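Engineer: Here's the letter readout for the chains.
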Amino acid sequence: DSGVTQTPKHLITATGQRVTLRCSPRSGDLSVYWYQQSLDQGLQFLIQYYNGEERAKGNILERFSAQQFPDLHSELNLSSLELGDSALYFCASSSRLAGTDTQYFGPGTRLTVL
Amino acid sequence: AQSVTQLGSHVSVSEGALVLLRCNYSSSVPPYLFWYVQYPNQGLQLLLKYTSAATLVKGINGFEAEFKKSETSFHLTKPSAHMSDAAEYFCAVSDRGDDKIIFGKGTRLHILP
Chain A
238 DSGVTQTPKH LITATGQRVT LRCSPRSGDL SVYWYQQSLD QGLQFLIQYY
288 NGEERAKGNI LERFSAQQFP DLHSELNLSS LELGDSALYF CASSSRLAGT
338 DTQYFGPGTR LTVL
Chain B
183 AQSVTQLGSH VSVSEGALVL LRCNYSSSVP PYLFWYVQYP NQGLQLLLKY
233 TSAATLVKGI NGFEAEFKKS ETSFHLTKPS AHMSDAAEYF CAVSDRGDDK
283 IIFGKGTRLH ILP
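Chains as they are written, first to last, in the working numbering: chain A, 238 to 351; chain B, 183 to 295.
In case anyone wonders, no lab produced these hints; they're calculated from the structure.
Where hints are given, some of them may not hold.
Claimed, not checked - Partner residues are not named here, just some residues of chain A that face chain B (Cβ under 7 Å, in silico):
1) P245
2) G265
3) G289
4) T339
5) P344
Claimed, not checked - Not the full set, but computed from the structure, chain B residues with beta-carbon under 8 Å of chain A:
6) Y221
7) K282
8) I284
Every value quoted in this text rests on a predicted model; they were computed, and no experiment measured them.
Yeah, the Cβ is synthetic: ideal placement off N, Cα and C, and Gly gets one too.
Bound-form chain A, shown alone (with noise of 0.2 Å):
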């Protein structure tokens, strides 16, 4: 157990909905990562947040966007859902930033649109 908590486990919505994915870090991190892994694009970082900023952005789309609460708790809000959004999506957290900090990974939500 990482201590990086994700909600839900699993999702299944259709074409065109809005889900939320929601992540605890472990206690005292303060970086938030998220993450989606496809069979096809493997495992694409898609942006992190570091003490309720954001601090890095990968290959996220328009249709999502995230935020870090003031307790820390991260959400990935996915909206006008297309098949291809089908995929696991990872949290991690760390205590300071990327380099040298190791990142925890959550279990992850595994996200089904129909």
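Place chain B on chain A using the hints.
Structural biologist: Showing chain B alone in chain A's frame:
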């Protein structure tokens, strides 16, 4: 921009044999390098990381990796494979001072009895 190439999307080795998973990186500045493992239906777990101390890095579960700047490589090895090593392995790179990690496409390791 940094990138990672993992040679071989699938590797099969016999139980007790040497495990060698290959990773080459591209980075314009001295990198941090990582190996992560993903067991079925789980998130990723850090095996080991290189941050410019010793070039030979020892990780968990008997794995180690050697940073070779001249070859821009960071291959992962384990002297004797166990059935429990069957998983997907990801090599990753982060430029110093950068906040994001770039992952390779992964190598699925199969252990043959």
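Engineer: Does each hint fit the structure? Answer for all of them.
Structural biologist: Evaluation of the provided hints:
| no. | hint | in the structure |
| --- | --- | --- |
| 1 | P245 | 15 Å, violated |
| 2 | G265 | 17 Å, violated |
| 3 | G289 | 15 Å, violated |
| 4 | T339 | 5 Å, holds |
| 5 | P344 | 5 Å, holds |
| 6 | Y221 | 11 Å, violated |
| 7 | K282 | 5 Å, holds |
| 8 | I284 | 7 Å, holds |
Of the hints listed earlier, those the structure fails to meet are numbers 1, 2, 3, 6, in rising order.
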